[in-house]
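Chains as they are written, first to last, in this note's numbering: chain A, 1 to 177; chain B, 1001 to 1177.
One or more hints might be untrue.
Stated by the list, open to error - Simulated crosslink set (DSS-like; lysine-lysine; CA at most 27 Å straight-line):
id, chain 1, residue 1, chain 2, residue 2
1, B, K1156, A, K176
2, A, K174, B, K1156
3, A, K156, B, K1174
4, A, K101, A, K59
5, B, K1059, B, K1101
6, A, K101, A, K156
7, A, K156, B, K1176
8, B, K1156, B, K1101
For the record, the hints were derived by calculation from the structure and aren't laboratory data.
Number of protein chains: 2
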Amino acid sequence: MNIEQFVAQSIGEWRSMRSGHSLAFQQFEDVLSEINITSVQTDDQRLEAIIEASGLTIKEIDSPFQMEWNAESDWEPDDPNDVSSGSCIIIPFPESETSGKLLRSVGYAESVPAESHYNFLDDGTFTLTTQYDQSIAEERIWFISENVRCRSSALKTSAGSGILQTSFASEVRKIKV
Amino acid sequence: MNIEQFVAQSIGEWRSMRSGHSLAFQQFEDVLSEINITSVQTDDQRLEAIIEASGLTIKEIDSPFQMEWNAESDWEPDDPNDVSSGSCIIIPFPESETSGKLLRSVGYAESVPAESHYNFLDDGTFTLTTQYDQSIAEERIWFISENVRCRSSALKTSAGSGILQTSFASEVRKIKV
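With the rest of the complex left out, here is chain A:
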């Protein structure tokens, strides 16, 4: 698996069931949402702004894409910090056939632009590590069939071994009828 194949397989509309586990408090949070993943042209002007803000010197872009999400449940409608919907642009920069960097216009653990390192395991599992100011996020995504993918995350304190929370999403492709 390389990043181009992985993005191609991910393009589409997905229904997501996501469970968050807060380990210290042993609390569960279950959320249904819709996720829409679309290709972005490599000459899209939004990419330039993201790359410039990152300060990185970029040699090669491969398969940039946009992710939009919309939660359907389990969010408080009047919550001023409502994160039930949003979108971000993700730009991969391969450094080898199976690894490289990703730039995200909005991070996963903190709402700031984020730079991640990605790596494919030998069975095609996509792994992603993102260093934020206060935390490190480790994510992995793997396809269990053409139309079902799993996504897990673990959020650790930057200082070291403390695990703050984990999550798991089962994502099923919406088949057009």
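Could you slot chain B onto chain A? The hints should help.
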């Protein structure tokens, strides 16, 4: 990672947060439980019975262990099919440094003895495939720190591509005080 190291790292008492996702019905099931993993001596008489029943010719046993679990929540107390507690013995048979077979006295998806194939990915993730009469279970276990491990499963129909359900557990080692 090999099976001996993996079992050694798994021995202990764990508190588990587990979320089951029923994909067809988009239903969540969250369960808290305690899991106790202990070593079993290779000359334990129970192993012989399990191996004999399997009909397999066994060359080498490595690190057999017992798993006991006790759910604390989310089960109906009077359910005659109550599976809120139980135990099984698991016997690994390495075929190479990173792969082999497992025999379980009780299977995960169906309550019958089960034979599984295991394989370690290049980052140490333990993957397990079990063929039952009606279904195929794919499990993976990976450590995100010495004392936190994640466990996911996907249950498919034997016939092929249908995914019945997935699950994810976050397991935290109980530190003795």
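Unmet hints by their number, sorted upward, for this structure: Checked against the structure, no hint fails, so every one of them is satisfied.
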